[in-house]
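Please model the complete structure; the sequences and the hints are all you need to start from.
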Amino acid sequence: MSFSTILQHALTGISLGGAYALIAIGYTMVYGILRLINFAHGDMFMMAGYFMIFAMASMPWPIAIPLVVIATMALGVLMERAAYAPLRSAPRMSIMISAIGVSYLLQNLATYLFTALPRGYPEITLLKHIFQIGELSASLVTFVTPVLAILLVLGLVYLINHSKMGMAMRAVSKDFETARLMGININSVISFTFAIGSALAAVGSILYFTDRMSVTPFSGALPGLKCFVAAVFGGIGSIPGAMVGGFVIGLTETALVALGYSTFSDAFTFILLIVILLFKPTGLFGQKTTEKV
Amino acid sequence: MKKEMKWLLSLATLALVVWALTALEGRRNEYNMLYTVLQKGMILAVAAVAMNLLNGFTGLFSLGQAGFMAIGAYVTAILTIPATKLPGVYYISGVSQAILSFRGWTDSLPDWFQTAFPYLALIIGGLVAALFAALIGYPVLRLKSDYLAIATLGFSEIIRAIIASPQLNLITNGSYGLKSIPKLENLLVTFLIAAVCIAFIVLLIRSSYGRAFKAIREDEVAAEAMGINLARHKQYSFVISSFFTAVAGGMLAMYMRSIDSGTFKIGLTYDVLLIIVIGGIGSVTGSVISALLVTAAKEWWLRFFDQPLVIAGWEVPLFRTGFRMVIFSLLLMAVVLFYQRGLLGHKEFTWNVLMPSNWRKWLNKKQAGGKRHA
Chain F
7 MSFSTILQHA LTGISLGGAY ALIAIGYTMV YGILRLINFA HGDMFMMAGY FMIFAMASMP
67 WPIAIPLVVI ATMALGVLME RAAYAPLRSA PRMSIMISAI GVSYLLQNLA TYLFTALPRG
127 YPEITLLKHI FQIGELSASL VTFVTPVLAI LLVLGLVYLI NHSKMGMAMR AVSKDFETAR
187 LMGININSVI SFTFAIGSAL AAVGSILYFT DRMSVTPFSG ALPGLKCFVA AVFGGIGSIP
247 GAMVGGFVIG LTETALVALG YSTFSDAFTF ILLIVILLFK PTGLFGQKTT EKV
Chain Y
2 MKKEMKWLLS LATLALVVWA LTALEGRRNE YNMLYTVLQK GMILAVAAVA MNLLNGFTGL
62 FSLGQAGFMA IGAYVTAILT IPATKLPGVY YISGVSQAIL SFRGWTDSLP DWFQTAFPYL
122 ALIIGGLVAA LFAALIGYPV LRLKSDYLAI ATLGFSEIIR AIIASPQLNL ITNGSYGLKS
182 IPKLENLLVT FLIAAVCIAF IVLLIRSSYG RAFKAIREDE VAAEAMGINL ARHKQYSFVI
242 SSFFTAVAGG MLAMYMRSID SGTFKIGLTY DVLLIIVIGG IGSVTGSVIS ALLVTAAKEW
302 WLRFFDQPLV IAGWEVPLFR TGFRMVIFSL LLMAVVLFYQ RGLLGHKEFT WNVLMPSNWR
362 KWLNKKQAGG KRHA
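Chains F and Y, in that order, give the protein sequences.
For any residue, its number in my numbering is found by taking its place in the first sequence, counting from 1, and adding 6.
For any residue, its number in my numbering is found by taking its place in the second sequence, counting from 1, and adding 1.
Any given hint could turn out to be false.
[Unchecked claim] Ranges of calculated distance between the beta carbons of each label pair, as one might list FRET restraints: (1) LYS86/Y with THR121/F: 30 to 38 angstroms; (2) PHE350/Y with SER169/F: 50 to 58 angstroms; (3) LYS180/F with SER181/Y: 45 to 53 angstroms.
Derived from the structure by calculation, the hints contain no laboratory data.
All C-beta atoms, glycine included, are put in the ideal place defined by N, C-alpha and C.
This is the structure:
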């Protein structure tokens with residue numbers, strides 16, 4: 007394999023990793039606060055894909071994109087209010103089952119509304135513009151994705167460290183009960199978390215599907231799980247960790263496909279998960295917690 | 002209710018079921034839907050009870066069911082596809098010599114062996130899955146709640162990827178799947194296998210092991226303090242549950258007659274999970290009832306949602322393909338949100354529900370001051 011082919015694959019990998027990073031942040035934030043694997047997050051990402059198809063059918067992309075982001079945020083908050091909020095004091099298994107139920111519902115709803123056939127994803131001509139650098143050729147989206155992912159992560163970290171809402175989020179993730187006693191409105195913090203997670207998933211979805219060209223009701227499931235693995239890899243609850251995890255998984259996946267092991271690229275993600283869980287359960291940047299009796 | 006009375010009722014029900022199943026066997030074509038639902042429902046019931054052993058009784062939230070079902074299904078399929086049809090099934094890249102010679106040997110064995118072989122194949126499938134579970138369980142069972150869930154889910158996906166990989170073309174036929182799997186003889190046999198599996202699990206739950214499992218579910222630390230070896234008991238529960246999950250997988254293969262790696266996606270695990278959620282996590286009878294109900298609802302009763310409905314010339318909106326599953330998932334969400342205990346919760350179905358005094362008790366639950374009817 008020549009050097010330029012390797013570079014070409016690396017570019018694809020970084021681009022995929024950027025989209026993964028954006029989705030992984032949604033998992034890591036929700037887990038940090040609710041201790042819940044939001045199994046429906048991947049399906050939110052898929053729904054954002056469909057929103058984009060419909061938005062682009064009638065309006066230009068500069069209007070469509072913010073609309074899609076807002077619609078996904080609304081769906082995320084609605085999901086939290088309807089399916090997770092009533093189970094706040096229920097055992098963890100119930101909330102997780104509810105999350106699986108929401109995922110099931112969203113997939114079935116999408117199959118019903120949009121049929122199971124793949125739908126073509128609209129092309130944003132600007133993002134599809136091909137650049138030629140030496141022997142490398144890549145569309146603009148390949149470059150935009152990682153840059154945008156890093157910028158959004160920096161913004162989010164700033165928001166969490168320097169705003170009042172961010173402080174509340176940190177407090178809630180540290181200790182749910184105490185934060186509530188301190189007068190923090192838990193529900194609004196959780197809704198805010200879901201809104202941000204969904205918005206990032208919407209952006210991630212636009213970047214991801216622009217490269218993939220089509221959406222099906224099940225196209226969110228596997229990327230969703232992979233991004234959860236990315237979040238665990240980086241240390242669940244840590245935003246920079248989720249980003250690093252996303253890039254690592256994106257790069258290794260692309261590398262495996264390039265080497266001809268495409269059937270194992272999905273399996274590899276889970277092997278990575280198990281190895282991480284066994285040897286460093288806190289992930290790369292996670293904080294150690296002690297189990298209290 | 003007296004014990005003898007309960008036995009009598011159980012025996013009468015059993016006789017009724019056997020009679021109904023034999024009657025149904027003869028009129029299979031007339032009651033095709035009922036037949037299908039009963040068969041598939043019973044197979045899912047085995048998977049659900051096995052999952053309940055792990056999730057409901059031991060408190061280990063595992064999502065690896067589809068993977069173990071895949072192992073059971075593939076082993077059973079490879080062992081039972083008639084040797085003459087093997088080249089036709091593996092038409093793309095041929096079949097491994099080992100399988101061919103092994104199948105040649107099994108086919109040369111006497112007749113009684115041929116009759117027993119499909120059941121033996123189910124057991125072998127279960128044993129292979131149990132072996133995998135033992136290997137996987139050692140590292141994975143150290144994880145807690147949601148990490149365990151995602152790790153087992155990961156393993157199920159890994160198993161699927163391995164089955165579908167082109168490197169295993171000669172054994173699993175890669176992504177083309179297997180077909181021409183001989184079907185289960187009749188409905189009664191399906192019920193019998195399912196009953197044996199479920200009875201074994203019930204006996205296990207009632208044994209000292211079962212009590213240890215429940216203790217682990219309630220409080221791991223306390224259970225350990227009482228002298229229960231956590232790692233070993235979790236491993237037992239995991240391995241036994243996987244064995245029966247794989248048997249259910251094998252039966253599913255025999256029911257479907259053709260399988261491929263896509264059959265065993267995460268969706269299958271979710272289907273089983275939904276059954277135990279609706280039936281009550283921690284109730285064997287609940288799982289069985291719910292497996293039959295859910296299958297009937299999904300495959301049969303809710304079918305009409307998928308067809309356009311016209312009432313007096315007015316076409317009811319929303320009714321079209323896929324609506325059934327939306328309704329079904331909404332029902333499920335309603336159970337999860339408002340009726341978390343499911344049909345039976347932790348309880349089991351007993352004949353006591355027939356006693357009028359129990360209805361009264363149920364109605365006056367709130368005022369009940371502890372009066373007991375003998």
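Comparing the hints with the structure gives:
1. Between LYS86/Y and THR121/F, the C-beta spacing of about 35 angstroms keeps the proposed range 30 to 38 angstroms intact.
2. Here the CB-CB span from PHE350/Y to SER169/F is close to 55 angstroms, well matched to the stated 50 to 58 angstroms.
3. Checked against the hint of 45 to 53 angstroms, the pair LYS180/F and SER181/Y fails, with Cβ atoms roughly 59 angstroms apart.
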